[in-house]
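I would like the entire structure built from these sequences, with the hints used as guidance.
Residue numbers (our numbering), protein chains in the order written: chain A, 1 to 117; chain B, 118 to 229.
Since the hints were derived computationally from the structure, they do not count as laboratory data. On a predicted model such as this, the values are computed, not experimentally measured, just so you know. Beta carbons: idealized from backbone N, C-alpha and C, even for Gly. Among the clues, some could well be false.
[Said to hold, decoys possible] Pairwise CB distance ranges, derived in the manner of DEER restraints: (1) A:I76 <-> B:P126: 27 to 35 Å; (2) A:G73 <-> B:K173: 41 to 49 Å; (3) B:E159 <-> A:K62: 25 to 33 Å; (4) A:S87 <-> B:T162: 17 to 25 Å; (5) B:H189 <-> A:R78: 25 to 33 Å.
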Amino acid sequence: NAGVMQNPRHLVRRRGQEARLRCSPMKGHSHVYWYRQLPEEGLKFMVYLQKENIIDESGMPKERFSAEFPKEGPSILRIQQVVRGDSAAYFCASSPNSQGRGGYGYTFGSGTRLTVV
Amino acid sequence: DQQVKQNSPSLSVQEGRISILNCDYTNSMFDYFLWYKKYPAEGPTFLISISSIKDKNEDGRFTVFLNKSAKHLSLHIVPSQPGDSAVYFCAASRSTGNQFYFGTGTSLTVIP
Chain A
1 NAGVMQNPRH LVRRRGQEAR LRCSPMKGHS HVYWYRQLPE EGLKFMVYLQ KENIIDESGM
61 PKERFSAEFP KEGPSILRIQ QVVRGDSAAY FCASSPNSQG RGGYGYTFGS GTRLTVV
Chain B
118 DQQVKQNSPS LSVQEGRISI LNCDYTNSMF DYFLWYKKYP AEGPTFLISI SSIKDKNEDG
178 RFTVFLNKSA KHLSLHIVPS QPGDSAVYFC AASRSTGNQF YFGTGTSLTV IP
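Below, the structure written as structure tokens:
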């Protein structure tokens, strides 16, 4: 029973390129969350998705960022025309219910470390 | 606007002693709180949670205390072990929300 799988673990992109980050939730989890951790900061919420639906994207930058969780396949966080300020660790989490409650919180993946050069 | 704050970036404790990590929050609507532990190059791992209807929750060596009037929670680890050395994040949520608000973390070092 694999945990939350994120790939790639490390991603280097030049300014202006696109970054695609993938996340496969734990088996049986239908709720997916993306968080970003900038250097020396805590994790910041970006978006919450269920299959084929974006439930809450209030933490997503208005431009260049998009997310999807298709019926089949992993959730994708897409960053177009990356800039140096996008360099961060991006964590995906999943849970079997909508708020990670019930005494177990979310299950996080190991993250994708994006470096924009 | 940092709604969850961990004011101590780091803490060092001798092995076998108690570690106390603190967390303050500003939003009185928060009603569920968690602590996560994070090793370098890994994702956060859930440690322990507490609902606002309680003021204490214990799980083995880990105990979380919640003081709602002070908007303060703390994590006690006793006895501390070298394997506990990691960054600890507290997080909070409200029942009507979809996200957790994380603090900036406290790096705990347990000295053998």
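*Would you say the C-beta atoms of H189 of chain B and R78 of chain A sit inside 25 to 33 Å of each other?*
For R78 of chain A against H189 of chain B, whose Cβ atoms are near 39 Å apart, the range 25 to 33 Å is violated.
*Holds or violated: 17 to 25 Å for the Cβ distance of S87 of chain A and T162 of chain B?*
Once the Cβ atoms are compared, 24 Å apart, the range 17 to 25 Å for T162 of chain B and S87 of chain A holds.
*asked:* Tell me if the beta carbons of I76 of chain A and P126 of chain B are separated by a distance inside 27 to 35 Å.
replied: At 34 Å between Cβs, range holds.
*Range agreement (Cβ of K62 of chain A with Cβ of E159 of chain B, hint 25 to 33 Å)*: 31 Å, holds
*Regarding G73 of chain A and K173 of chain B, is the given constraint of 41 to 49 Å on their beta-carbon distance met?*
43 Å, holds
Comparing the model with each numbered hint stated earlier shows that hint 5 is the single one that does not hold.
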